[in-house]
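Colleague: Given next are the chains, with one letter for each unit.
2 protein chains.
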Amino acid sequence: LSTEELPIGVFDSGMGGLTVLKELCQRLPDEDFIYLGDTARLPYGTKSPQTVHKYSMQAADKLMQMKVKALVIACNTAASFSLDKLATAYHPTPVYGVIEPGAEKACEKVDASGILVLATEGTVSGAAYQRSILSKNPEARIYARACPLWVTLAEQRQQDDHITWNLIEYYLQGFIENGPKTVLLGCTHFPLFSPMIREVLGEAYTVVDSAITTANHVANELELKGLLNSNGGEISFMATDGLGRFSSIGEQFLNTKIVNVSEVDL
Amino acid sequence: LSTEELPIGVFDSGMGGLTVLKELCQRLPDEDFIYLGDTARLPYGTKSPQTVHKYSMQAADKLMQMKVKALVIACNTAASFSLDKLATAYHPTPVYGVIEPGAEKACEKVDASGILVLATEGTVSGAAYQRSILSKNPEARIYARACPLWVTLAEQRQQDDHITWNLIEYYLQGFIENGPKTVLLGCTHFPLFSPMIREVLGEAYTVVDSAITTANHVANELELKGLLNSNGGEISFMATDGLGRFSSIGEQFLNTKIVNVSEVDL
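So the protein lines, in turn, are chains A and B.
When we follow our numbering, the leftmost residue of the first sequence carries the number 92, and every step to the right adds one.
When we follow our numbering, the leftmost residue of the second sequence carries the number 92, and every step to the right adds one.
Just chain A, same shape as in the assembly (with noise of 0.2 angstroms):
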């Protein structure tokens, strides 16, 4: 196989990375993917840097392996943590995280009321969205805050309307009417909600999604590498724990079938 036509690697703490992989699927459809959840380890959100680290290498390791010509890291803790050193170690093989393209999109949208980033409590101590949005521009004004209980919300087999929204509202609570108008989705697993946070917040609000932007960022980047594939169109699955759970609630963040997953030990 000539590079382009190689597949592209993604991994996540789980399912919550296949928000991530259906905007690439959408963004590039002839593209072939493999995707690794570390679903006996899941979730990062609440581990530290060295240990997220640690199994973020793992898992980049275990798709090098299997030949990729780029990794996207869809999870939001482990791009946090992670991304330069990942970066270094494959290097040529470029490695894409979900934060940059995020902020820069924040970047774009931002007023002076300030951009508010919603993600997992590692994400928001780690501080990445907050560095990279200050590069761009030292002048926003950031909020961020954990929203611990979206995640097990997103996971859970039946979404009950009305808890649904009580966790909705729970978390913008003091960010509505006054708050930054531009609200940054800083965790994969929140765009299952987008829907609902849109509406709690209202159309004064700029949502941002980074599942989207990272899309859109691999796709431009494959682009002016020439490194796109017109031949593919294939999806393949791994996950390191509980298959039969994987899909049925990855289903829900995919928005289609997952079939053939495999199970690997990292």
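Please note: incorrect hints may appear among the correct ones.
Stated by the list, open to error - Cut-off 30 angstroms, straight-line C-alpha distance, at most; resulting in silico cross-link-like pairs (DSSO-like, lysine-lysine):
#	chain 1	residue 1	chain 2	residue 2
1	A	153	B	153
2	A	145	B	153
3	B	158	B	145
4	B	145	B	113
5	B	145	A	145
6	B	113	B	200
7	A	145	A	176
8	B	153	B	113
9	B	145	A	153
10	B	227	B	113
Since the hints were derived computationally from the structure, they do not count as laboratory data.
Fit chain B to the supplied structure of chain A, relying on the hints for placement.
Modeller: Just chain B now, kept in the frame of chain A:
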């Protein structure tokens, strides 16, 4: 050291088991304890039986290497998948789980309305409580509900009253008024919400806390075996990741300061 003077080893996927340790310390103030929380891989409640068993075995091995006189599996999911195998593997060192003592107490209390087991996804689908209850009372009507958001809620740094009440009521829906009158808290995180659960359910309900029943069971068994210590009272802590988070969140579970946590790798 004579066998009686050795510490009791206690392990859990993370902080939840500290509710069991709290009851153990209250019931057995003169014992030494070593607590191990596998924070690098928490939670266990959404993982497969095979993976949970692998992790439990590694945690138990670590404690056995440190010379303990007894092991307590202070995690319902781990106890439900691994108690029998660990008891066989470490015989004659006694291994205690949290399932049997809770099931026994619930069977003492049960009436015709039945028993409601509140637990993690893994504990509910593994059905160890259901089997244990039926082995003692084949006529018992058993209901079980997975409450995944309670686990995340218990590990949030701040508990907002309004959303906590909403989430307590959410998983009890359908069981208030006409539900089973014996309610078994089958996850070590849930004692944190025990007062609220009792208030939502009302006085006609009996809430069985498996942390308390386990502490009583372990105390009785060690006494029967002549393994009680009268010179101890020290607790040491180990965690596999995020020592700061372990201490700060763990204090809510243990209800006392956590100092001197060491990091271990499993």
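Colleague: Hint by hint, where does the structure go against what was stated? Just the numbers, ascending.
Modeller: none
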